[in-house]
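A.B. asks: Sequence:
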Amino acid sequence: MGLAELVHKKQVSPRELLEAAISSVEEINPTINAVVLRMYEHAGATIDSGLPDGPLAGVPFLLKDIRASYAGVSTTSGSRFMSNNTSNHDSELVSRYKKAGLVIFGKTNTPEFACCPSTEGALFGATLNPWNLDLSAGGSSGGASAAVASRIVPAAHGSDGGGSIRIPASCCGVFGFKPSRGVMPCGPDLGEAWNGLSSEHALTISVRDSAVLLDVGGGRAVGDPYSGPSFGRSFLEQLSIPPTKLRIAVQREALNGAVVHPDCIKALDNAIELLKDLGHSVEEAVPEYDAAAVGAAYTVIIAANVQGTVDSYSDQIGREPTDEEIEPVIRFLAKIGHDRTAADLARAIWAMHKAGRDVGDFFLRYDMLLSPVTATPPPAIGTLDTNSSDVDSYLKAVFEFIPFTAISNQAGIPSMSVPLWWNENNIPIGVQLMSGYGRDDVLFSLAAQLEQARPWKDVKPPICV
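Every letter in the sequence shown is one number past the one before it in this note's numbering, and letter 122, counting from 1, is 129.
Errors might be hidden in some of the hints.
Mimicking DSS-like on lysine-lysine, the simulated pairs with C-alpha atoms at most 25 Å apart in a straight line are [stated by the list, open to error]:
(1) Lys-16 x Lys-464
(2) Lys-273 x Lys-464
(3) Lys-273 x Lys-252
(4) Lys-283 x Lys-273
(5) Lys-105 x Lys-16
(6) Lys-467 x Lys-273
(7) Lys-17 x Lys-106
(8) Lys-16 x Lys-106
(9) Lys-403 x Lys-283
(10) Lys-17 x Lys-105
(11) Lys-283 x Lys-252
(12) Lys-342 x Lys-403
Source of the hints: derived by calculation from the structure; they are not laboratory data.
Please build the complete structure, drawing on both the sequences and the hints.
C.D. replies: Structure below.
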């Protein structure tokens, strides 16, 4: 929003902003590997053709390299198999971004098919954390989080099917918001992503930028399978309305038995004290649902969608992938998707819907649920590698790292990662807040309050523009 205001006041031109953003990519990206596709000529042509008078006119922007189709540009989904997948149309969300005046000038790194909480795919290599280059930037929107944290851009598109906006936001010390199911469009290529598990949105420095991007990107599109929640005002307007006293539940322990690192507990305790200081009621309570059954169903849905994606692209190009074109962990998931039945998928979807009802009951009693985002600080590069042939060790590492985020996707509810704490090694560790379905607006009110009480925009990593 700040850059858009400068353009509106003619204090800077869109061309100058684009050139500055390109310069930032060329300076920073060789170190962190966040931007994997440069679209400089497309961006220049967008400016030359005349920008629409939108609220974000002239602001440089990056797309995650999955599902965000841009006509004439490849969308690889982080896969060697799909490295030549060029779209002939814009996705609905990209069209909305363009109408808002955003100048899209590149795409960011993602692991293969966005199936990993770290961004270390074989196609483009690992994205490194600008706070410590030995650590993961998180995933699957790790390229976006690293680009935003290093100030290449103030905001970047992401997607979240199990924590893929919130996890990298926590790892890189930026704000990450996952909307309620149905708020953001997936068309025209999909009615919903991962059978409703995944939502599109963004990672940002400021809460305000996230709100504006949700305003311009959200809302029903033609052919959507169902309508999302409606809101009485814009999310930008919502930021100026302080939340009433909220009843906030706290979850300290992982339901899957993963050990929560002391630093993540310290980040949680820090947030609890801040919320109490702001006048909110905080007590320990956890939603009751069958975590094991939901986790098993979640795996079936993701596996079915991975195999479906591979099959669809195979049909498009007339051949199946070789073993070298699909990473071992993804091949493992695809085999599950291939071997399960249609009835298995139906029952998995039913389990997801039951999780939504169970968690929905919890949010009749509480306004928010506060928890860690991850069970550990950002792991070392190589800890979560989908190119590893040791699938069992990989899956164990995933379950130990991210036991808190997926329930938001499974229940279809909004959630966010807020950067409020850094450990003694100067590594950011976010906290997660989620609310009931359609209460995205209340989360934004609280996010604005937290940002005002504990500003983070000037806390920058060593690798930074």
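A.B. asks: A separate judgement is required for each hint: does it hold in the structure or not?
C.D. replies: The hints, checked one at a time:
The suggested pairing of Lys-16 with Lys-464 holds, with an alpha-carbon distance near 23 Å, which does not exceed 25 Å. Only pairs whose Cα atoms come within 25 Å are accepted, and Lys-273 paired with Lys-464 is accepted, the gap being roughly 21 Å. Proposed proximity of Lys-273 and Lys-252 is supported: the alpha carbons are some 24 Å apart, at most 25 Å. Among the hinted pairs, Lys-283 with Lys-273 is consistent with the structure: their alpha-carbon atoms are about 15 Å apart, no more than 25 Å.
The straight-line distance between the Cα atoms of Lys-105 and Lys-16 is roughly 20 Å, inside the 25 Å bound, and the hint therefore holds. For the given pair, Lys-467 sits about 21 Å from Lys-273 by alpha-carbon distance, which is consistent with the 25 Å threshold. Taken as a hint, the Lys-17 and Lys-106 pair is honoured in the structure, with Cα atoms around 19 Å apart against an allowance of 25 Å. Taking the CA atoms of Lys-16 and Lys-106, the gap is about 19 Å. The hint holds against a cut of 25 Å.
For the given pair, Lys-403 sits about 35 Å from Lys-283 by alpha-carbon distance, which is inconsistent with the 25 Å threshold. A distance of roughly 20 Å separates the Cα atoms of Lys-17 and Lys-105; the hinted pair therefore holds under the 25 Å criterion. The suggested pairing of Lys-283 with Lys-252 holds, with an alpha-carbon distance near 10 Å, which does not exceed 25 Å. Simply put, Lys-342 and Lys-403 have alpha-carbon atoms about 19 Å apart, close enough for the 25 Å limit, and the pair holds.
The structure does not agree with numbered hint 9 stated previously, though it agrees with all others.
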